[in-house]
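Keeping the supplied structure of chain Y fixed, place chain V upon it in accordance with the hints.
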Amino acid sequence: MAFNHRRMIAITRKEFIQILRDKRSLVLAFVLPVFMLLMFGYAITWDVRDIATVVADQDHTASSREFIDAFAASGYFHMKGRIATAADAPPLFDRGAAKLALVIPPGFERDLTHGHGAPVQALVDGADANTATIVLAYVRSTAQTFAQRVVLQGRTMPVPIVTESRVWYNEELASRNMIVPGLVATIMMIISAMLTSLTIAREWERGTMEQLAATPVSRYEVVLGKLIPYLAIGFLDVTITSLMGVFVFGVPFRGDVGLLAGLTFLFLVGAMGLGIFVSAVARTQLVATQLAMLVTYLPAFLLSGFMYSLDVMPRALRLISFLFPARYFLVVTRGIFLKGVGIEVLWLQAFFMVVFATIGLLLAVRAFHKDLD
Amino acid sequence: MREKLERIAGLVRKEFKQLFRDERMRRMIFVSPILQLIIFGYAVSTDVRRVSLFVVDHDHTQASRALVDALTAGDYFRVVGRSDRTSDIADALDHGHATAALQIPPHYARDLQTAVSRGFQGGEGAHVQLVVDGTNSNVATIALGYAEQIIRTHGLGQLGVTITPPVDLRERAWFNPALVSRNYNIPAVIGTIMLMMSLMLTSLAVVRERELGTLEQLMVSPLTPGELIAGKTIPFGIIALFDLVVITAVALAWFHIPFLGQAPLLMLAAFLFLLSALGMGLLISTVSNTQQEAFLTTFFTMLPVMMLSGFMFPVTSMPKAFQWFTLLNPLRHYLEIVRAVFLKGAGFTALWPQFATLAGVGIAVVSIAASRFHKTVQ
Chain Y
1 MAFNHRRMIA ITRKEFIQIL RDKRSLVLAF VLPVFMLLMF GYAITWDVRD IATVVADQDH
61 TASSREFIDA FAASGYFHMK GRIATAADAP PLFDRGAAKL ALVIPPGFER DLTHGHGAPV
121 QALVDGADAN TATIVLAYVR STAQTFAQRV VLQGRTMPVP IVTESRVWYN EELASRNMIV
181 PGLVATIMMI ISAMLTSLTI AREWERGTME QLAATPVSRY EVVLGKLIPY LAIGFLDVTI
241 TSLMGVFVFG VPFRGDVGLL AGLTFLFLVG AMGLGIFVSA VARTQLVATQ LAMLVTYLPA
301 FLLSGFMYSL DVMPRALRLI SFLFPARYFL VVTRGIFLKG VGIEVLWLQA FFMVVFATIG
361 LLLAVRAFHK DLD
Chain V
1 MREKLERIAG LVRKEFKQLF RDERMRRMIF VSPILQLIIF GYAVSTDVRR VSLFVVDHDH
61 TQASRALVDA LTAGDYFRVV GRSDRTSDIA DALDHGHATA ALQIPPHYAR DLQTAVSRGF
121 QGGEGAHVQL VVDGTNSNVA TIALGYAEQI IRTHGLGQLG VTITPPVDLR ERAWFNPALV
181 SRNYNIPAVI GTIMLMMSLM LTSLAVVRER ELGTLEQLMV SPLTPGELIA GKTIPFGIIA
241 LFDLVVITAV ALAWFHIPFL GQAPLLMLAA FLFLLSALGM GLLISTVSNT QQEAFLTTFF
301 TMLPVMMLSG FMFPVTSMPK AFQWFTLLNP LRHYLEIVRA VFLKGAGFTA LWPQFATLAG
361 VGIAVVSIAA SRFHKTVQ
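In order, the protein sequences belong to chains Y and V. Its first residue numbered 1, the first sequence is counted upward by one per residue in the numbering used here. Its first residue numbered 1, the second sequence is counted upward by one per residue in the numbering used here.
Just so you know, these hints were derived from the structure itself, not from any lab. Be careful, since some hints might not be right.
Said to hold, decoys possible - Distance condition first, Cα-Cα at most 35 Å in a straight line; then the derived DSBU-like pairs of lysine-lysine:
{"id": "1", "chain 1": "V", "residue 1": "K375", "chain 2": "V", "residue 2": "K4"}
{"id": "2", "chain 1": "Y", "residue 1": "K23", "chain 2": "V", "residue 2": "K4"}
{"id": "3", "chain 1": "V", "residue 1": "K17", "chain 2": "Y", "residue 2": "K23"}
{"id": "4", "chain 1": "V", "residue 1": "K375", "chain 2": "Y", "residue 2": "K80"}
{"id": "5", "chain 1": "V", "residue 1": "K320", "chain 2": "V", "residue 2": "K17"}
{"id": "6", "chain 1": "V", "residue 1": "K14", "chain 2": "V", "residue 2": "K4"}
{"id": "7", "chain 1": "V", "residue 1": "K320", "chain 2": "Y", "residue 2": "K14"}
{"id": "8", "chain 1": "V", "residue 1": "K320", "chain 2": "V", "residue 2": "K14"}
{"id": "9", "chain 1": "V", "residue 1": "K17", "chain 2": "V", "residue 2": "K4"}
{"id": "10", "chain 1": "V", "residue 1": "K14", "chain 2": "Y", "residue 2": "K80"}
For reference, chain V alone in the conformation it holds in the complex:
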């Protein structure tokens, strides 16, 4: 047993030496995850703020200016251009200079005045046209909602009497009151960065030995295949776990993401997740003969794992068949756990199904990889 451990330790040492010998590799392992987190952390925001608005005002009255002011008073819209010609709207939206455009027709002030003087007698008042670039359907939906609400409120404000709307809607967002999308997305960035790194390192490390012919040398050494697997994956496990802890700490400190849950739960999730990741890497190495093949296969695996994880696109919106399919995806479970622990402060009682599935997937992947590895080595 003692010898066994010593043999594994020897391989681990060799692996560490090999990795850290290359300065670029050192940087890639320790600096790049942090750098990536900071860069992408700023990128992953879906908050709709400061929507660029193009204004075509045919009315040129105090009333029309007041409407534009009402739209830009909050943080939701900013005017990026003005003009008198309707055709300029198409130009601004085509070029992407503006995401939305507001057209105020002539006689706006007059129509509004008529409506106001009619007061509660009902009927419609002044009309304005709002055009939104629908390319990004989410931004368009949200911007439309904001604009319509601001214009409606502004219109009612012109009546001069306070009006109680029939329904008084009181909204409350649970877990994330300010609805900051970054809080939800940064844990996903962490998971993706770590998955990419550990998958790539493990899959290539084994294949590299095979390609360079040093795998035979290892095989004639007294190492058993089990020891070989352990010695090959432990270093990456240690590095990845270390990186994961560091970038999670950076995420908390740098981006001030609320952390309501328990740290040990997060560690357990990290451990199980890395188990799956390393297992996948090992599995890829057993089906690849060259580093290029391993690289391509990793690429091929990463895409669906990332896209079908709920990182960018909610799993619950996918067709049922795909939802079932994603149960196999360790990243999906990891993200669910991490997001719930971060934002909801969820405990083990709420998350045990995710933990169980993640553990199941991890053990399955590692066992398949190990048994395949045995065969390829023998």
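Chain Y on its own, in the form it takes in the complex:
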């Protein structure tokens, strides 16, 4: 049967009417992304600030106080009080009352002025390795700054090599700049699958599939017809969330709007194709939802590079991550928002998304075909 765009449009209209009638889906489709972005944009951060710090000052000298003041003044540490010995720290870690304990042993000032290398102990709650690593980085740099100021017998520490460090793309190192464009991608991945994964399973369970099968529409027309209204919704969602990212959260937007629009389109076709495929394979809504959750929810967050860098994952897992389109779109949103790169950099992601969209659509059509037979 030849492809007929009028029949496809008829399906699209039917689907549109169905969506408009289903108030909850409609509200969720538009309110959810906005709500999520607002909530998470404000609530979640990876910035390590106000590190709860306790100090055991066993030296009680001007130098030890100066050392502690250097920490208090750095802006990273929140001085929570004093402890007597290092042994007091672990119970505080247990209760979550402190993250860091500095122990300045007696003789600190003496060792410092004689150039013996005054020992200082830094105990950190290591359970959350990520936070602990950053805490230690701040401790090191604060101690280093302090040490640099110390004048030993009339001379300071020499610095044979000076490192001039610069940070690109996210100059103030704010985790929000990484999280918000990431959220646009992950939320859209989840919404796309959520919206489309039930479209076909529902028809099966309600018995309307036979009716659909009895009408003279081809499977291409059905799949595309069902896709179009969701594409429109998804497109609007990306527009709204991107605008919010820029105007509400002040995330820089350095790239090209047109490019973002084009790649968004590719991404949505792929992600929604995947949803329709799941729906066609599952046949029952219960199985469809479980499947959709499985292939979108955690992969969107954990295998996309949203939080966990793909570079450090085992090779096998990096290969698996190519199966989830959120991975490509995340590179796109971060690239366009923060780096301001164009197609000359993103062509590979675009290529993968085209492949994904094509395969997704073909699979959806195929799976749908089998059902009708």
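Using the frame of chain Y, we list chain V on its own:
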């Protein structure tokens, strides 16, 4: 009483039959949690290792090569490209081929030599430029710290005499000496997988009966609403508890996560957590008429529960209002307990506030769900 139990048992049997009839459902319940744990267990690492480094060396001397060698000697950096042109740095970082770039200017060796000959007379020596891709702010912060420290140490090493730094910082990470992030994150993956599964199964199971019209049949049966709730949730409770035990065992065996605490404590936490999860599922089923509505509502609930649990983003970094809000989140308490039991070997005395809150949330959710369920059934 005996009849009551028999009626509940009958419903439980029916529920089990219905679930296990579908082979895909069987796989989803027993295989997929394990598979997910193994896949995501490998994913959830925030360790900063083998950072990709692009090197632009304008100096081409033994000294400049020695600096690069010093950076790559540990496990922290690996060189992914070299060039003579400064502009290639932008290219490498734009494409994401490299996360950091080091530029060594011409005359590096000469400047370093001057600084070394001045020795302790102070003053600055050779300059190098370090550029870091700040997109992932955490990786950038940590990579910067590593690089600056390695370069500083390397520079001091060139002086030819051993120098005692004025402050000798001795670091020690408690609970997790090697700072392996996976140990902290895998318990969170377990909690999230289980929450997703139990929430979805419970919420859909009830709504499905309503949608298919079989709920009326159940209602005209001699089952009381209380029995109906019990019969509907017990099977999922059993399945979820079983799954939870299995994937926790897999996590311990496969990923070698240290387990310092007591197993019974973990079981109690699992039980209370599942109580909340099943209650939430039941609550969702009372506000949904169709499976689609239940599904959407579950989706809508899962996101904030997961994001505001401390799984990926520490609760203590959230604004105060959100921190209060997360007290209602069973996943948050469960994660705190599980992480503390796993890594800190914490006992009940340290964790009783979490247990109490988790129990409180669970009982509250189940009671609200039950009373709403009564109303919808009658």
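Here's how the hints hold up against the structure:
1. Distance restraint check for V:K375 and V:K4: the Cα-Cα separation of roughly 21 Å lies within the 35 Å cut-off, and the hinted pair is therefore satisfied.
2. Restraint check for Y:K23 and V:K4: the C-alpha separation of about 40 Å exceeds 35 Å, so the hint is violated.
3. For the proposed pair V:K17 and Y:K23, the alpha carbon gap of about 34 Å is at most 35 Å, so the pair holds.
4. A distance of roughly 51 Å separates the Cα atoms of V:K375 and Y:K80; the hinted pair therefore is violated under the 35 Å criterion.
5. Annotation: proposed proximity of V:K320 to V:K17 is violated, straight-line Cα distance about 47 Å (limit 35 Å).
6. With a C-alpha separation of about 16 Å, the suggested pairing of V:K14 with V:K4 holds against the 35 Å cut-off.
7. Taking the CA atoms of V:K320 and Y:K14, the gap is about 47 Å. The hint is violated against a cut of 35 Å.
8. For the suggested pair V:K320 and V:K14, the alpha carbons sit about 47 Å apart, so the restraint of at most 35 Å is broken.
9. Proposed proximity of V:K17 and V:K4 is supported: the alpha carbons are some 20 Å apart, at most 35 Å.
10. The hinted pair formed by V:K14 and Y:K80 fails the criterion: a straight-line CA distance of about 57 Å is larger than 35 Å.
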